[in-house]
Amino acid sequence: GQSLEQPSEVTAVEGAIVQINCTYQTSGFYGLSWYQQHDGGAPTFLSYNGLDGLEETGRFSSFLSRSDSYGYLLLQELQMKDSASYFCAVYGGATNKLIFGTGTLLAVQP
Amino acid sequence: GAVVSQHPSWVICKSGTSVKIECRSLDFQATTMFWYRQFPKQSLMLMATSNEGSKATYEQGVEKDKFLINHASLTLSTLTVTSAHPEDSSFYICSARGAGSNQPQHFGDGTRLSIL
Chain A
1 GQSLEQPSEV TAVEGAIVQI NCTYQTSGFY GLSWYQQHDG GAPTFLSYNG LDGLEETGRF
61 SSFLSRSDSY GYLLLQELQM KDSASYFCAV YGGATNKLIF GTGTLLAVQP
Chain B
1 GAVVSQHPSW VICKSGTSVK IECRSLDFQA TTMFWYRQFP KQSLMLMATS NEGSKATYEQ
61 GVEKDKFLIN HASLTLSTLT VTSAHPEDSS FYICSARGAG SNQPQHFGDG TRLSIL
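For the record, the sequence lines run as chains A and B. For the first sequence, my numbering assigns the number 1 to the initial residue and increments by one for each residue that follows. For the second sequence, my numbering assigns the number 1 to the initial residue and increments by one for each residue that follows.
Read the hints as simulated data drawn from the structure, not as lab findings. Where a beta carbon is used, it is the ideal one built from N, C-alpha and C, also for glycine. A hint or two may mislead.
Here are the in silico distance ranges between beta carbons for each label pair [stated by the list, open to error]:
id, chain 1, residue 1, chain 2, residue 2, range
1, B, GLU59, A, PHE45, 18 to 24 Å
2, A, THR23, B, SER54, 30 to 36 Å
3, B, ALA99, A, GLN109, 43 to 49 Å
4, A, GLU9, B, MET45, 17 to 23 Å
5, A, GLY41, B, SER18, 22 to 28 Å
6, A, GLN79, B, LYS41, 21 to 27 Å
Footprint (simulated), chain A over chain B, 3 or more residues, beta carbon under 8 Å [what the hints assert, rightly or not]:
id, segment
7, 43-55
8, 107-114
All chains should be built: construct the whole structure from the sequences, respecting the hints.
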C-alpha cells in the first residue's frame, strides 16, 4: 500500500518560517510534489522534487531525501494568505498516479 | 498553462437522483484522467483512473456501479454518481494528464455535491 504522513496542523506568525514534513511509503516512486489548497478550492501545484535535494521557488522551497523516504516544504516570510492546507503527494504505483498525503492545515497569525 | 474545466462547480439535489460531473481539458489532450473525492478536513482520495477509450480502474473500496466514469474522448471525462445519497455529499475533483506517465497532473476547480 501507499501512505504519506504529515502533521495535521501548524501555526505560525506573519514573517516567520515554517517547515511542513512528509514521510512516505509507496510502491514505486517517481517524485514528491507539494500542493496548496485554500478552503473550498482546488489544489494548486507548488513544487516538485524528482531528485534528492532542495528546490527553491520564491518564498517556497521543497526538499527530498529518497533514502529516508522524507521530504519537507519550507515557507519563508509567511503571509496571512499562506493560511491554507498543504499536501505532499507522490507519483507512484503501476500507473504513476498522484497520491496525496494526509494534509497539514497551516494557520498564519498576525 | 494547461487548463482543466470542471462543471458544475456546485450542485444540490434530492436523495436518489443521479448527478453527472464533467471534466474537460481545454488546451491539451488528456490521455489519462483521475477522479478524486475529498470530505471536509480530509485529504484527496483517489477514486479511479481512466484512460481514453478504456474502462476506468477503480481504487479499492470505490463502487464502480455507484460511480460511473466515461472517458470517451481525449478532452472529456464524466463522473456520474448514481442514485446519490447524503453520504455521497463531498467535494469531487478531476485531474487530467497528457500522454506519458511523466506528465504532470492538472486539476479542475472541483464540484461540491450536496445530497439532501
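Hint check results:
no.: 1; hint: GLU59/B with PHE45/A: 18 to 24 Å; in the structure: holds (22 Å)
no.: 2; hint: THR23/A with SER54/B: 30 to 36 Å; in the structure: holds (34 Å)
no.: 3; hint: ALA99/B with GLN109/A: 43 to 49 Å; in the structure: holds (45 Å)
no.: 4; hint: GLU9/A with MET45/B: 17 to 23 Å; in the structure: holds (20 Å)
no.: 5; hint: GLY41/A with SER18/B: 22 to 28 Å; in the structure: holds (26 Å)
no.: 6; hint: GLN79/A with LYS41/B: 21 to 27 Å; in the structure: holds (23 Å)
no.: 7; hint: 43-55; in the structure: holds (count 5)
no.: 8; hint: 107-114; in the structure: holds (count 5)
Going through the hint list in order, the structure satisfies each hint without exception.
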